[in-house]
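There are 2 protein chains.
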Amino acid sequence: MTTQRKAPDAARRNEAARRAILTAALDLAGEVGYARLSIEAIATRAGAGKQTIYRWWPSKGAVLFDALLMLSEGQDDQPADLPDTGDLEADLKTVLRATVDELNDPRYSEPMRALAIEILLDPALAADFAERLDEPMRELKRRRLRRAQQAGDLGPGVDLDVAVDLLWGPLKNRWLHREGPLTTEFADTVVETALNGLRPGQSSSSTSR
Amino acid sequence: MTTQRKAPDAARRNEAARRAILTAALDLAGEVGYARLSIEAIATRAGAGKQTIYRWWPSKGAVLFDALLMLSEGQDDQPADLPDTGDLEADLKTVLRATVDELNDPRYSEPMRALAIEILLDPALAADFAERLDEPMRELKRRRLRRAQQAGDLGPGVDLDVAVDLLWGPLKNRWLHREGPLTTEFADTVVETALNGLRPGQSSSSTSR
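First to last, the protein sequences are chains A and B.
For the first sequence, position 180 matches number 180 in the UniProt record's numbering, and the numbering has no gaps at all.
For the second sequence, position 127 matches number 127 in the UniProt record's numbering, and the numbering has no gaps at all.
Next up, chain A with everything else stripped away, as it sits in the complex:
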């Protein structure tokens, strides 16, 4: 936005500084943890001025949030939409297994966990996060489930937000509250149980485990 009024070289320099700051924030969050992460240390590592950081971001939580957005943008294989092969169960397992891998990767998981906690403490950051990441992601999930509903693979009366909660909530909870190991088996069981329900004998694909 603001770069439009600047000369191309200045815009390039700003973008390079921005990336250096975000990379430094990610690296340091992984090395020292979020609690001991400081704007001063980020500035030193990035070779930038503290004032530059304070001018661009209101808090260290905001720096980390942008750093995580940069990380996910950097993945070229990041899907713009959830997979739709026509097999809902298989597609959901693919997505949840990818989430398991991501949450087991400390470079992503530790800053993300710090951010999740910071969001609970900072309403402004929470609103920004909801608008820029959480709500768009939830809409992608709802969209895939809506297509499944239209195809007759999801009950016509199913509340799509509750469906998102049932499918993605258990993984998020287990990760954030460290309630147990995050495995592909857990992801698969959540998908099967949410689709088939807890009642007995509701689906031929419900196997005894």
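In short, the hints are calculated from the structure, not lab data.
Given the structure is predicted, the values throughout are model-derived calculations rather than measurements.
Don't take each hint at face value.
Each pair may be met inside one copy or between any two copies, as identical chains are not told apart.
Claimed, not checked - Derived DSBU-like pairs (lysine-lysine); straight-line CA-CA distance at most 30 angstroms: (1) K141 x K172; (2) K60 x K93; (3) K172 x K50; (4) K93 x K141; (5) K50 x K93; (6) K141 x K50; (7) K60 x K50.
Got chain A; can you put chain B on it based on the hints?
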């Protein structure tokens, strides 16, 4: 434990001081919020010495945790077991509706939220919480579901821990992350959707909504 070696009067005085400190912690957490809660303010409000508090509890999070345990012990109608009328769906709705009421009560909800966040930051408090509150509660839930499984109301292959996650997780998430209003309607929908599953036409009690 330690009171056994003390004279009865001293034990009674200790118990009175303990209750005054926990009540002061609850009241102050509600009034000023957890972030601005201090051991000093708790001591002043309770008419106790700061050293007494530091001797009995390692952190303000630990004080608040005991205060919340005292609050739930004080409810005489607190069930030792989850209801079992033989109607699993009705029983689960009863339990989740009671949780909705509890989480909408600021006297309970605000300190509990502060504690939930503190637990994410403090592994020792997390371990204490898991042992004294979270795991016993989860066992009560598993026990009710195990009886339902034995009665044939729950699929024989259902993983009871995943079932607990599907039934109780959405409410906890929506509350902790302030994702939406906590209503009895939401609680009912979660119970129905988890029991019936997301697939179409799996149960006669699945109504279009």
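Status of each hint after checking the structure:
Taking CA atoms no more than 30 angstroms apart as the test, K141 paired with K172 passes in both settings, with 14 angstroms inside one copy and 20 angstroms between copies. In this assembly of identical chains, the alpha carbons of K60 and K93 never lie at most 30 angstroms apart, being 34 angstroms within a copy and 42 angstroms across copies at closest. Taking CA atoms no more than 30 angstroms apart as the test, K172 paired with K50 passes in neither setting, with 34 angstroms inside one copy and 39 angstroms between copies. Proximity of K93 and K141 under a CA criterion of 30 angstroms is satisfied in both settings, with 13 angstroms inside one chain copy and 27 angstroms between copies.
Neither within a single protomer nor between protomers do K50 and K93 lie at most 30 angstroms apart by alpha-carbon distance, with minima of 44 angstroms and 53 angstroms respectively. Proximity of K141 and K50 under a CA criterion of 30 angstroms is satisfied in neither setting, with 39 angstroms inside one chain copy and 51 angstroms between copies. In this homomeric assembly, K60 and K50 come within 30 angstroms of each other (Cα to Cα) only inside a single copy, at 12 angstroms, whereas the closest approach across copies is 33 angstroms.
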